[in-house]
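*Asks:* These protein sequence lines are chains V and C, in that order.
Residue numbers 1 to 108, in the working numbering, belong to the letters of the first sequence in order.
Residue numbers 1 to 114, in the working numbering, belong to the letters of the second sequence in order.
It should be emphasised that the hints constitute simulated quantities derived from the structure, not laboratory data.
Among these hints, one or two may not hold up.
As the list claims (entries may be wrong) - Some residues of chain V that are not near chain C, with every Cβ distance over 10 Å (derived):
id, residue
1, A12
2, G15
3, I17
4, T23
5, S27
6, N30
7, G31
8, K68
9, Q95
10, K100
11, S105
Stated by the list, open to error - Pulled from the structure, derived: some chain C residues nowhere near chain V, Cβ distances all over 10 Å:
id, residue
12, N10
13, E20
14, S62
15, E102
As the list claims (entries may be wrong) - If we take Cβ atoms under 7 Å as the criterion, some of the chain C residues that face chain V in the derived model are:
id, residue
16, S38
17, G42
18, Y48
19, D56
20, V74
21, F105
22, G108
From the three backbone atoms N, C-alpha and C, an ideal C-beta is built for every residue, glycine too.
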Amino acid sequence: GQNIDQPTEMTATEGAIVQINCTYQTSGFNGLFWYQQHAGEAPTFLSYNVLDGLEEKGRFSSFLSRSKGYSYLLLKELQMKDSASYLCVRAGSYQLTFGKGTKLSVIP
Amino acid sequence: GAGVSQSPSNKVTEKGKDVELRCDPISGHTALYWYRQSLGQGLEFLIYFQGNSAPDKSGLPSDRFSAERTGGSVSTLTIQRTQQEDSAVYLCASSLEGARTEAFFGQGTRLTVV
């Protein structure tokens, strides 16, 4: 299977740091994406990891460990507009398999 | 085009009718995906096209669902004899070369079967 596990919901305070974890099946793995989806909107690309390690892009960073089948998305200096669902997406040979998403609520 | 375009944006249809959903991918993108998303749920994979071929149709829920892509560009998703459980947002995405490249999503077609 290609099960992707991530927490259903998280809450964090404006200005804080939050880490969203994701585990996935390692067989046939070709990379790990993170997408952001605001309510009622289409998903938008945040990051892509294919090699182990940390990729930093502004306030957002994404980490991958291929041997552990593990990734996380790190959001720093949280803003109210970061309230959204964050989707962990596993790339297979051609299929993109989406996790059910982590709904992040940023509170004042 | 500048982005992935889907039409119609909203469709209300009577149970038992056929519907056709259209997706115009970004020009030059060889890979095209269809997903559907029910309210509050995750994205459910339906089908993937590489060019005009569909190497993976495993996600189509039943034989009432079919999809085609012509000229390596426009794709249509057809649902025959619609049922209420088909109500969802149908999202199309395209990417330059497939699963290793960023997928760009259209705004979706919200299908309501009454």
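*Asks:* Next step is simple, just say for each hint if it's right about the structure.
*Replies:* Each hint tested on the structure:
{"no.": "1", "hint": "A12", "result": "21 Å, holds"}
{"no.": "2", "hint": "G15", "result": "28 Å, holds"}
{"no.": "3", "hint": "I17", "result": "25 Å, holds"}
{"no.": "4", "hint": "T23", "result": "15 Å, holds"}
{"no.": "5", "hint": "S27", "result": "14 Å, holds"}
{"no.": "6", "hint": "N30", "result": "6 Å, violated"}
{"no.": "7", "hint": "G31", "result": "5 Å, violated"}
{"no.": "8", "hint": "K68", "result": "21 Å, holds"}
{"no.": "9", "hint": "Q95", "result": "6 Å, violated"}
{"no.": "10", "hint": "K100", "result": "4 Å, violated"}
{"no.": "11", "hint": "S105", "result": "15 Å, holds"}
{"no.": "12", "hint": "N10", "result": "12 Å, holds"}
{"no.": "13", "hint": "E20", "result": "20 Å, holds"}
{"no.": "14", "hint": "S62", "result": "19 Å, holds"}
{"no.": "15", "hint": "E102", "result": "5 Å, violated"}
{"no.": "16", "hint": "S38", "result": "11 Å, violated"}
{"no.": "17", "hint": "G42", "result": "4 Å, holds"}
{"no.": "18", "hint": "Y48", "result": "6 Å, holds"}
{"no.": "19", "hint": "D56", "result": "6 Å, holds"}
{"no.": "20", "hint": "V74", "result": "18 Å, violated"}
{"no.": "21", "hint": "F105", "result": "4 Å, holds"}
{"no.": "22", "hint": "G108", "result": "6 Å, holds"}
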